[in-house]
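If you read the protein sequences in the order shown, they are chains H and B. To convert, note that position 87 of the first sequence is 87 in the working numbering; the numbers rise steadily by one, no gaps. To convert, note that position 185 of the second sequence is 185 in the working numbering; the numbers rise steadily by one, no gaps.
If you are wondering where the hints come from, they were derived from the structure by calculation, not from laboratory data. Every residue, glycine too, gets a C-beta built ideally from N, C-alpha and C. Just so you know, nobody snuck in bad clues.
Computed footprint of chain H on chain B, listed as stretches where at least three residues anywhere in the stretch have a Cβ under 8 Å from a Cβ of chain H:
| no. | stretch |
| --- | --- |
| 1 | 52-59 |
| 2 | 203-209 |
Derived contacts from chain B toward chain H, CB cut-off under 10 Å, selection only:
| no. | residue |
| --- | --- |
| 3 | 46 |
| 4 | 48 |
| 5 | 49 |
| 6 | 92 |
| 7 | 94 |
| 8 | 97 |
| 9 | 102 |
What follows is each chain in one-letter form.
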Amino acid sequence: MMMQTFLPKLPPLTALIRLTLIEAWRGRSARLLLLFLTAVYALGAFAASMAVTEGQETRLALAAHLYRLGLVLALALIVVSSTVRDMEGGFFQVLLAFPLSRAQFVMGRQAGYMLLAVLAAAGATGVMLTMAVPGGRAAVLAWGASLALELSIVVAVALFFALGLRRVLPAYAGCCAFYLWARLLDVARFMAAHPVGQDAASWDVVAGRAVFDLLGWLLPPLAGFAPSPWALGGPVQGALLALQFGWALWYAALCAGASLIDLYRREV
Amino acid sequence: MVAVFAVLLAGQVALALWRGVPEAGAQPLGRPPSVTASRLASLDDPVPLAKMLDLYLQAHDVQPGLSLPWRELDYGDVVAWLGHILQLDPLGQYPLLAAARLYTQVPDLQRQRLMTDFVAGQYPQDPLHRWRWMAHVAYVAKVQMKDPALALRYAAELRQYAEGLPQVPAWARQMEIFLRMGQNDLDTARALLGALLASGQIHDDNELRFLTQTLKELEQK
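Chain B with its partners taken away, still in its complex shape (with noise of 0.2 Å):
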């Protein structure tokens, strides 16, 4: 009996050797599921599916045995994945969160801007939980793309629709003629930033650290 169990284990490590160590090879991201699929596959319960999935994005460039580079995805897969979560939560930030701050800091101008006109393109539809987000890409346009004019044109988007909504913080609301006086990067990211801090508006610690940690990473170069 203990041969034969033996015999058994010796295959089962047989087989582990001839199977090899996995190696590390770029999965590509692909397109997302479509929305009535990813209903079914979380039994109708979309919201818990929509967290996982902005983990699961988040990682997507960390896998086993290498990390990519963002500048190595797709950015067109990346907003369409951001945009498949958006609609599983509408109420969720964190793909407006990723697209503004995560992935905008690609050196790659076309990249940036197609998570800035992800961001821009989601705004409207509710713009009392999404104005940070446009105030965030109209930063990102006057400082890391080094566009005034469409910095000026998200600032001029983020008012149209805050208007008449006293929640959004007047600074948000009168960005447009901050970004218009022509102050220097360092003075633009310090007012921002130190102004999203300031509103109480972020609770999430993480979320916290990174924009403190930004904000500190700027005022050193």
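Here chain H stands alone, though its shape is the one from the complex (with noise of 0.2 Å):
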């Protein structure tokens, strides 16, 4: 009834992507990214009114950081408190009385989310071109593209932990530290595997060392993801480009594989 009288004509995967996107849109998500653009706009500006160089690169540097930082938590935020309120409203219960599977569900839900995800990286690069350095647009564009990516791999993830813990404080830090240690997992496997002050060859470093390599088979490389060096107008290296593009299809895929197989061993 409900998507009927939203979306009368569309497929369900269709009306799902659109739903989300209305959501997002009444969760006055436009006007608080817009928001959040802004200000980082004019802290990169004052950031680089300080420099005595590389006034440009430092503007850049900062909102890039921020940006990316800033819509990774922003989005998992906000996917995790809409599915949790599915979840909790009775509205994944009254979707699944109609013509839908769990599989439409999901997929339908992480689409939408990971073209919102696609949404606010393009605000974020709109105004980063706006800042880009002589002949560093195109750079910027493929720092745009892979946030885009690295976006969409952060969305599918916290669908993942709020449809298996149903609860948003669980759910949003399992998906922060998911990121966090995603982030690092390249620092924390060269620590590991360079070990100061201790033997190599005991068991705590090869036990540590064993643990970040089974963490480094499972969580993506995200650090490679959106390099600064991108967004100041550096070299891009188109094959990177591909790699994060086919990983984050992929890792995408396997996050509603996990969450599917979560979905249908529980009752509704």
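Mind assembling these two chains? They're in different frames, but the hints should get you there.
In structure tokens form, the structure reads like this:
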């Protein structure tokens, strides 16, 4: 009924994607995004005015870092809170009363949130383009594409945690922990592989290395996404961007699969 | 309810009054953290952190309530921080500019030498992007430190690593010859800073203003 009222003629997946975007719009996400983009733009201008040289680079690096971190945290919260609301408010059960499978629900929601991630990344990229160094616009666009891929992974993971834990705080904390580990994975593995002041063959060093290697197999290396040097107009490695594209899609599918296994084994 | 709120507010004000006005005190810079620690702190995105550290270091001599003269800074710590920032962001030019142009303005030969040697030590790692700082420390050695032998040594190093790099202007590669001509300081400054300004390699407005001002000040002396 609800889907028919909102979206009478659309196929279920498209309807869910559209519903997700409408929810985000009504949750004032667009206005908050605009406010955030403007605040970071102003902060970057302030930092640039203080720099004796490389003012533009300072501004771009600061903005790239804040946009990346801010959008990750905000999108994860949007996904977690709205998914938990779906579950607790009974909207999920209402949707399942229609000819809509659980798989369609997960895929529709995930695709909607990924589209939202792309739109948010596009907004940040648009602002970054206005600050780009001469000749650096293509690199900024590549940075934006990489950011969109990173955000896509984050929303897929946030959906997985929200569907599995069904409480805002644990799900958001889980998502943040995932992001933190995925960002620090390379440094952690480097530290584990090169212990300082410890015997490299001792059991705790070997165990630590094994744990980080295991994490390395499970987590995507997010530190390599949205590289700051690209935002500063540096050389773009097309092969890396292509790899990130494939990895993001693969990981989103992996998260959807994990969410579905969890969702199908539960009673609604 | 209002009375309780008034008591709580009065308590907050009393705490603030008890704490008093913060007094200015020079905080030492200290040594930088390890590169690994900085990578961890930046979530493995060290370039933005390096840019922020540039500003942090630049602002260190202006602390709340006081302005520290450069001669009171521990130049060993400053060099360590500059090297740390450069490790985090090898393409960044800020640490080299700060070393070559800002911190060499201290009226202390030992401190100036720490900075010029820092730049000379970093130059061979990336001559293409760092040649102009090497040219600048040669100028500093000649004009500010009054040490022509050191200036010649820096100019020779500049030429040595810049050979085969057509992006480095000819005047910079031939700086050694120019310094051997024994011109006075003002002419040297005019020629070198003027050539740097004319090279079109400086795009930042603040940096252009700084160089132009330096040149003007030299001409007024």
